[in-house]
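S.K.: Next come the chains, spelled out residue by residue.
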Amino acid sequence: NAGVTQTPKFQVLKTGQSMTLQCAQDMNHEYMSWYRQDPGMGLRLIHYSVGAGITDQGEVPNGYNVSRSTTEDFPLRLLSAAPSQTSVYFCASSYGHSYNEQFFGPGTRLTVL
Amino acid sequence: GQQVMQIPQYQHVQEGEDFTTYCNSSTTLSNIQWYKQRPGGHPVFLIQLVKSGEVKKQKRLTFQFGEAKKNSSLHITATQTTDVGTYFCAGLEGGSEKLVFGKGTKLTVNP
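Protein chains in written order, with our numbering: chain A, 1 to 113; chain B, 1 to 111.
Bear in mind the hints are in silico, worked out from the structure with no lab data behind them. Please read these numbers as outputs of a predicted model, since none were measured by experiment. Don't be surprised by glycine CBs; every beta carbon is placed ideally from N, CA and C. Please note: incorrect hints may appear among the correct ones.
[Claimed, not checked] Lysine to any residue pairs mimicking SDA-like chemistry, simulated, CA-CA at most 20 Å apart:
| # | chain 1 | residue 1 | chain 2 | residue 2 |
| --- | --- | --- | --- | --- |
| 1 | B | K98 | A | V60 |
| 2 | B | K36 | A | T5 |
| 3 | B | K36 | B | G94 |
[Unchecked claim] Below, a sample of chain B positions facing chain A; criterion: calculated Cβ distance under 7 Å:
| # | residue |
| --- | --- |
| 4 | Y22 |
| 5 | L92 |
| 6 | E97 |
| 7 | L99 |
| 8 | T108 |
Start from the sequences, fold in the hints, and give me the full structure.
M.R.: So this is what it looks like as structure tokens:
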């Protein structure tokens, strides 16, 4: 099993550009989520999904969109990148619900100039 | 909204000393999880606590969940250089799917 994979590993964007961060898992996990990690701020939940076709907002959803068309994939879209979105983004998944062990991907380091 | 506070933010110890990090929630939790993140890595699950007053041990690590289910702690006995990293707690309110992380405690160990 590859576990949770994220692409790209690194990305540099200009202000106003859009892009999609990819996340995939091969463990047939129902629950998937996106976090951003900034220095001194811990991990903050952006969006989450409890299954295909179902998504909901986390603590810091503004500026980000998600969709969950399949169990395996949970892409995160930045509609119009801003410097405040410079961060490390982690995707995570778990069996069933969020109260189970979360498996994290390796992260995407995003810089917005 | 739910807030999870973690102290201290940083802890530097000599190898062999003990280490404790504390986690406090503004609301009662149904579940608390602990994760470790090595420098440059991603968070890795350590343990989950669900019962009031629960205590779990993993070798030199002891995890506790408070009686009121609003606080938790992680204690490491006789730290080693391999314990270096940031330790996060993450709490879940009953009926919620939003796992909220504390800001973490960064542990450095001087050999």
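S.K.: Determine for every hint whether it applies to the structure shown.
M.R.: Against the structure, the hints come out as follows:
1. Taken as a hint, the K98/B and V60/A pair is honoured in the structure, with Cα atoms around 12 Å apart against an allowance of 20 Å.
2. For the hint linking K36/B to T5/A, the alpha-carbon distance of about 19 Å falls within 20 Å, and the restraint holds.
3. A threshold of 20 Å between alpha carbons decides the hint, and for K36/B with G94/B the separation of about 24 Å lies outside it, so the pair is violated.
4. For Y22/B, the suggested interface contact is broken, since its CB lies about 14 Å from the closest CB of chain A, more than 7 Å.
5. Interface restraint check for L92/B: the shortest CB-CB distance to chain A comes to about 5 Å, inside 7 Å, so the restraint holds.
6. Interface restraint check: E97/B against chain A, minimum CB-CB distance 5 Å, threshold 7 Å, status holds.
7. With 7 Å as the threshold, the beta carbon of L99/B comes within range of chain A, its nearest partner Cβ sitting at about 5 Å, so the hint holds.
8. The interface hint given for T108/B is violated, since its Cβ lies 16 Å from the closest Cβ of chain A, which is over the 7 Å cut-off.
Going down the numbered hints, you'll see the structure goes against 3, 4, 8, while the others check out.
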